[in-house]
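J.: Here is how the chains run, residue by residue.
There are 2 protein chains.
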Amino acid sequence: MSKSLPKRTEDYSLWYNELVKRAGLAENSSVRGCMVIKPYGYAIWEKMQRTLDDMFKRTGHENAYFPLFVPKSLFEAEEKNAEGFAKECAVVTHYRLQNDPDKPGKLRVDPNAKLEEELIVRPTSEAIIWSTYKGWIQSYRDLPLLINQWANVVRWEMRTRLFLRTAEFLWQEGHTAHATAEEALAETRQMLDVYAQFAEEWLALPVVKGVKTENERFAGAVETYCIEGLMQDGKALQAGTSHFLGQNFAKAFDVQFQTKEGGLEHVWGTSWGVSTRLMGALVMAHSDDEGLVLPPKLAPIQVVIVPIYKAGQLDELRERIRPMQMGLIERGISVKLDDRDTERPGYKFAEWELKGVPVRIAVGMRDLEAGTVEVARRDTKEKMTLPLADIVASVDQLLADIQQNIYRRALHYREEHTTRVETYEEFKQVLDGKGGFVVAHYDGTPETEERIKDETKATIRCLALNEPEEAGICILTGRPSTRRAHFARAY
Amino acid sequence: MSKSLPKRTEDYSLWYNELVKRAGLAENSSVRGCMVIKPYGYAIWEKMQRTLDDMFKRTGHENAYFPLFVPKSLFEAEEKNAEGFAKECAVVTHYRLQNDPDKPGKLRVDPNAKLEEELIVRPTSEAIIWSTYKGWIQSYRDLPLLINQWANVVRWEMRTRLFLRTAEFLWQEGHTAHATAEEALAETRQMLDVYAQFAEEWLALPVVKGVKTENERFAGAVETYCIEGLMQDGKALQAGTSHFLGQNFAKAFDVQFQTKEGGLEHVWGTSWGVSTRLMGALVMAHSDDEGLVLPPKLAPIQVVIVPIYKAGQLDELRERIRPMQMGLIERGISVKLDDRDTERPGYKFAEWELKGVPVRIAVGMRDLEAGTVEVARRDTKEKMTLPLADIVASVDQLLADIQQNIYRRALHYREEHTTRVETYEEFKQVLDGKGGFVVAHYDGTPETEERIKDETKATIRCLALNEPEEAGICILTGRPSTRRAHFARAY
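Chains as they are written, first to last, in my numbering: chain A, 2 to 492; chain B, 2 to 492.
Please note that a few of the clues may not be correct.
Since copy identity is lost for identical chains, a pair holds within one copy or between any two.
Dumping the calculated DMTMM-like pairs for lysine to aspartate or glutamate here, alpha-carbon to alpha-carbon at most 25 Å [to be verified]:
id, residue 1, residue 2
1, K107, E215
2, K115, D101
3, K104, E117
4, K261, E344
5, K81, D101
Everything labelled a hint here was simulated from the structure, so no lab data went into it.
Hey, can you work out the whole structure from these sequences and the hints?
T.: Laid out in structure tokens, this is it:
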């Protein structure tokens, strides 16, 4: 708590890294690109997990678990998928260590323990899962198969950043199989909606729902849908994807089913995932120069009570605070009483601000006598004196207000930072100026998209689902266009 | 459902494997020694996780997440631990694949993407965690540090069996750091008690709490405590371990703290874990020749309702069953209505028996008119006709009875199969005859323990905590002994 955080306006990236570390969310580990998720960060992730898991179960999905390793031959079976991930695969080649004859007390890889076939640490699980589904699916009666997995995956990224891009990350991956393309597509869209609802109602993050272009599509998918959020530095962040796999994996792994009519057909697949990257979105969308701003629904501690006292008063004050504390807990609010006698209130205030606790209650003897407490909200930093008599209801309402306010603020920011442009000149100006989403016509070709990316570092985040078809002219080539794309620089 | 299961008395091992597969708990994957945990099996594991996680949190622990990989140099730092696991480590040596120039469309490991330092896939996380704790612990104020992790780990076992011994398995691992040896020992014992309580109250598995001998101790621990259960074939199964690590890891990773008095000391550590092996214990302790027998507290489906009807009656029957179904659900009981029109009741009965659903309710029009239903309990296969009027309360009570009965049955089995012997002759007779725990004096030396193991395949499961000190004579050497050990053949 000694130094203040870097300012967002001065070095957004440094601000983010420092905040993630100082707030106790995560830190780099001694394994290149792998992070340690600390208890405070993990507590938020657990709330995300629990919420999403409930949503998946309500939409009929069951959890299962598939191996960490994928034999190379399986990994190769769907060629586009394999090609897409080949450059970032951690590979297990040996299964034993032995004493190093040259270095007493040290170990080395036992050259006699080489695997016949290398194992890939899963970068995603389509290959291992579809090879398993072959045994699970025979008839239309086995469909739809609606499975989700919570797991760790590894993608050997060269440049990593806590939560946003790490070599190992935690995620969930849904993998479903259906009798028809329509049903699989409906599933893909349903899960996109689940993600959007979670992002907006829980993360308080407004998102654009859309479909990826061919360049940005998941390797092995026919269509990739996504939700895209906007961070406070004007960059977009992909917060979740839902893929319609067509029959690609079914064909690669020969997963066929007997239809009602007695025919034999390949099944239709989907996969969809969100990851610990959402933790990065959470930080970057709402937090400020004093620290985290957490949406109350995901905050591990929703209310912190800081007693203000003179020497010798703490025991009595603690007793007198107890009814309020218990009242809040009974209302289902998570409360922390910070009664450390080793720190001063100002220090505590700053610490809980850094950690993003939505509501802080400061209370001293004089307050209690006046029948009031001082309440501060983290999002606006507003302080108010509230009557103790109905404090539980007030705080409950305040938490709901904060959740809504954070969302509205992020929505307002996104609206302010979504610009429709007609020319390439304007496009570049907006990107270099206020940033955000730039909504522009392009001719629909991968080449144009690539050139724009090379020249401006902006990618097409998605073709937004709510963007109407509209005749226009490509900002780069002047060729005709039928719809606008959401461009942005992105994480 | 076409073939019946192998009989336990004929081939216990085959019975186990077939049951795990046919009941839909798990299956072997295409990765040697790694299993796929199927939705029904995973649903049980989720209930175990949720329950244990709540117990850990109630005892003050927080969850965190540490990397999957351990750099070889860290792995080596605590020598005994490294030595103990060296022979079963999966090792990542490369981070990229490339197109195979010799085989178009295939990939090979990119020889230019060799890691400078190999990464071990964690067989356990002490090394990576203690290297992290070094940064977290400075002062006595940072202690105790009470952390748990839910994770996958890999131990390259040569002979594997679903749930009991697999190359990859799921587990939790608690890792705590304390200011004093006494406190760390108390933590070790507390978590042993948590495990024992979970085993007995939830798995319905009576366990012997004890301490391991030096031969069987966790590599790197000063003491290993364990809970040991007895399976229906008379073999013991270690169901959980809790280790007092002394200062071994603190010294290996130089984790010191400033004491209240201003000195500098190494911290004291513990670690403790249970794994998906508990699924194996669950199956082997209670199930029978017809299938699983699940304790109601862990059963994903506690009650199955099977409608008995003539053609055309199903819709009406479904409607009339609804109030009972809803009543059970409101009571917090998980209910499945098996209204498949494609299968006959007998088939359904056998299927739910195989899957171990504790209570089955069969109900037809005539029952409803008589105001009764037919209820069958899975554990005793007893059938009874119960009045519909108070069916919810009856079923609730029945579930509690079944939980208790399964536990009592397992306890009775264990008591019948725990034999105190005085001679080596007796010892071998009991082992080869009825099996189970053989409680015998031995001289306390690793050599004697080893010889007994070589000659009989029985190991010391533990020195039971409730076994009194008692003068006696070693069954093998005739030398004096101060306490009896629990021997058994084990999984």
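J.: Just pull the numbers of the violated hints for me, sorted ascending.
T.: none
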